[in-house]
Amino acid sequence: MPEQAIKDKTAIVGIGWTAFSRKSGVTTLTLAAEASLKAIADAGLQVQDIDGVVSFYHRQPEGQMVRELVRALGLKKCNFEFYSDGGGGWNCGAVLSGAMLVHSGICKNVLVFKARNRYSQGRAARAERANDVKGDAQFTTPFGIHHAAASFGPIATAHMARYGTTTLDFAHLAVTERSHAALNQKAMMRKPITIEDHQNSRWIIYPFRLLDCCQESDGGVALVITSAERAHDLKHAPVYIMSGMGGQGQTAGLWETNGVNSAPLLYEGAGITPKDVSIAEIYDPFTFMCMTHIEDFGLVKKGDIGGWVTAGHNRLDGTLPVNTHGGLMSEAHIHGLNHVIEAVQQLRPEGVVDDLCDGPHTYDRSTCRQVRNPEIALVCGECGESAMLLRRA
Amino acid sequence: MADYTKPLPIPDIDSQPFWDRCKAHELSAQRCGECGKFRWPPQAFCPHCYSWKFDWTKLSETGTVYSFVVVHYVSIPAFEGDVPYVVAHITLDNTDDQITMISNVIQCPWQEVRIGMPVRLVFEDVTSEVALPKFRPM
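Protein sequence lines correspond, in order, to chains A and B.
The opening residue of the first sequence carries number 1 in the numbering used here; numbering runs sequentially from there.
The opening residue of the second sequence carries number 394 in the numbering used here; numbering runs sequentially from there.
Next comes chain A alone, as it looks inside the complex:
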């Protein structure tokens, strides 16, 4: 497979975010606008420089968000609007859509955003979804599946039976992600947890306990994509998009996700191997889902993930730091677009700006979240249904 034609042709040049909370007190449109205005300013661009807008949702769109944001920002001209229903699988798909719009020449500067009031307003939406009995749901809801843990749990149970993975292994991932969030000013859950805390937390849906589950959040994030050429003249060093994919296929069994299909596209598309990846920001709605994604992207041998996270290889100074911001589990659930923001922060020359370092990065893990000199980041969405490789300038 040849390298992808889009390799290094586009870059992420601006990032922005709102506070992450359980009660934003503002509309999702306001969250979207705040994050977007910050991302545009971070890029050193003017609002009217934006000529493409992309977002995504899961099942229930947050209104006509893309169209409403174009209007709210007062854009005089938008060459392309795209609002996709790929859900948590689509964080990288949204970014790649923006990159393709730029690479095609249809747009010059594309804004990609995700905003939600999923904690404060999510209960009603979840109840509506829980009672869905049409389409595929006619074969699941009547049998008592109305929670993501029941949809994804069988993947974990199958992996446990096949490879001997245990819920104690899950605990190590939860504890490590929380330790990263403790160094992240914008993370919603920063209080350290222990293995015992995890093992003593109540069952939600076996094999997942409370501390295996991600949280719901109010908040917004946004980023700006432009061409590699234009990126040179902007405020920050660009973070290049090397390769990516967005879609799904079939796998050998429940113990594998679509990551196994995505991985070769990413690595061959970028002309690298899994060994070249410095950090990974991996979709983590549940501890185990993050773990199986790490395997399916070829970063750890299939079946070995339990021992790998127990040994702490995913820590900030480990062989492959994973979810350096705390992930959906401990930072916030902004549908994984917050994972992209973290990758960009880590890959910029100045590094992350919202850890506890006062001044230059110290790499002291009581205050500093910056990984030492990361060059390439892998980011993926739910089940590896979209993924991409980013690299520093």
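Keep in mind that the hints are not guaranteed to be accurate.
Here are the computed distance ranges between Cβ atoms for each label pair [said to hold, decoys possible]: (1) B:His-418 with A:Gly-247: 36 to 42 Å; (2) B:Asp-405 with A:Gln-215: 30 to 36 Å; (3) A:Lys-191 with B:Ile-403: 41 to 47 Å; (4) B:Ser-468 with A:Thr-251: 23 to 29 Å; (5) B:Ala-437 with A:Gly-63: 41 to 47 Å; (6) A:Asp-49 with B:Gly-429: 58 to 64 Å; (7) A:Pro-264 with B:Pro-410: 53 to 59 Å; (8) B:Phe-438 with A:Thr-251: 19 to 25 Å; (9) A:Arg-123 with B:Tyr-397: 22 to 28 Å; (10) A:Asp-364 with B:Pro-530: 53 to 59 Å; (11) B:Asp-407 with A:Gly-307: 56 to 62 Å; (12) A:Asp-49 with B:Cys-442: 48 to 54 Å; (13) A:Glu-375 with B:Ala-437: 46 to 52 Å.
A few chain B residues that don't get close to chain A, going by computed Cβ distances all over 10 Å [stated by the list, open to error]: (14) Asp-448; (15) Asp-475; (16) Pro-502.
Hints listed in this document are in silico derivations from the structure and should not be mistaken for laboratory results.
Using N, Cα and C, we set each Cβ at its ideal position, and we do this for glycine too.
Given chain A's structure and the hints, the job is docking chain B onto it.
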């Protein structure tokens, strides 16, 4: 039965025959009229050979637990009295592993459910119109 408050399936054109046959206590699925493969969930054409010819075929009443979860926390109040309950992927016998359905394993303590466990079909008449196919240990 009149006080059954849990969500009931809303059949569509493709799935109506499945639910009708469940009501008559027969578990069935479509089998391609050209390549002979089973398919699940119901759809109008074969996902293997794209033929539009098919027959509704009675399935085996036995199967195997392919994977499962145990629900301790529910989002729909009507299920609160059932926790903990088992939701499993059940692969039906004699389908060449082509049919794996989601259902409940009942009449069994949740701690005893295992992947690979053989199970047998049992219909629950939850209303006068709807019967849900569930499974119990052999």
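Now for the hints, and whether the structure bears them out:
1. Restraint check, His-418 of chain B to Gly-247 of chain A: a C-beta distance of roughly 40 Å satisfies the suggested window 36 to 42 Å.
2. Between Asp-405 of chain B and Gln-215 of chain A the C-beta distance comes to about 35 Å, which sits within the given range of 30 to 36 Å.
3. Distance hint for Lys-191 of chain A and Ile-403 of chain B: a CB-CB separation of about 44 Å, consistent with the stated range 41 to 47 Å.
4. At roughly 28 Å, the beta-carbon separation of Ser-468 of chain B and Thr-251 of chain A lies within the given 23 to 29 Å, and the hint holds.
5. Between Ala-437 of chain B and Gly-63 of chain A the beta carbon distance is about 33 Å. The supplied range of 41 to 47 Å is therefore violated.
6. Between Asp-49 of chain A and Gly-429 of chain B the beta carbons are some 59 Å apart, a value that agrees with the proposed interval 58 to 64 Å.
7. Range check, Pro-264 of chain A to Pro-410 of chain B: Cβ separation about 41 Å, and the 53 to 59 Å hint is violated.
8. Taking the beta carbon of each, Phe-438 of chain B and Thr-251 of chain A are about 23 Å apart, inside 19 to 25 Å as hinted.
9. One distance hint, 22 to 28 Å for the beta-carbon pair Arg-123 of chain A and Tyr-397 of chain B, holds here, with the actual separation near 25 Å.
10. At roughly 56 Å, the beta carbons of Asp-364 of chain A and Pro-530 of chain B sit within the given window of 53 to 59 Å.
11. Between Asp-407 of chain B and Gly-307 of chain A the CB atoms are about 45 Å apart, so this pair departs from the stated range of 56 to 62 Å.
12. The hinted window of 48 to 54 Å between Asp-49 of chain A and Cys-442 of chain B holds, with their beta carbons roughly 51 Å apart.
13. The hinted range of 46 to 52 Å is satisfied by Glu-375 of chain A and Ala-437 of chain B, whose Cβ atoms lie roughly 50 Å apart.
14. Listed as outside the interface, Asp-448 of chain B is consistent with that label: its C-beta sits roughly 20 Å from the nearest C-beta of chain A, beyond the 10 Å cut-off.
15. For Asp-475 of chain B, the shortest C-beta to C-beta distance to chain A comes to about 7 Å, within the 10 Å cut-off, and the non-interface label is violated.
16. A cut-off of 10 Å between C-beta atoms confirms that Pro-502 of chain B is not in contact with chain A; the least separation is 13 Å.
Consistency with the previously given hints fails for numbers 5, 7, 11, 15, ordered from lowest to highest.
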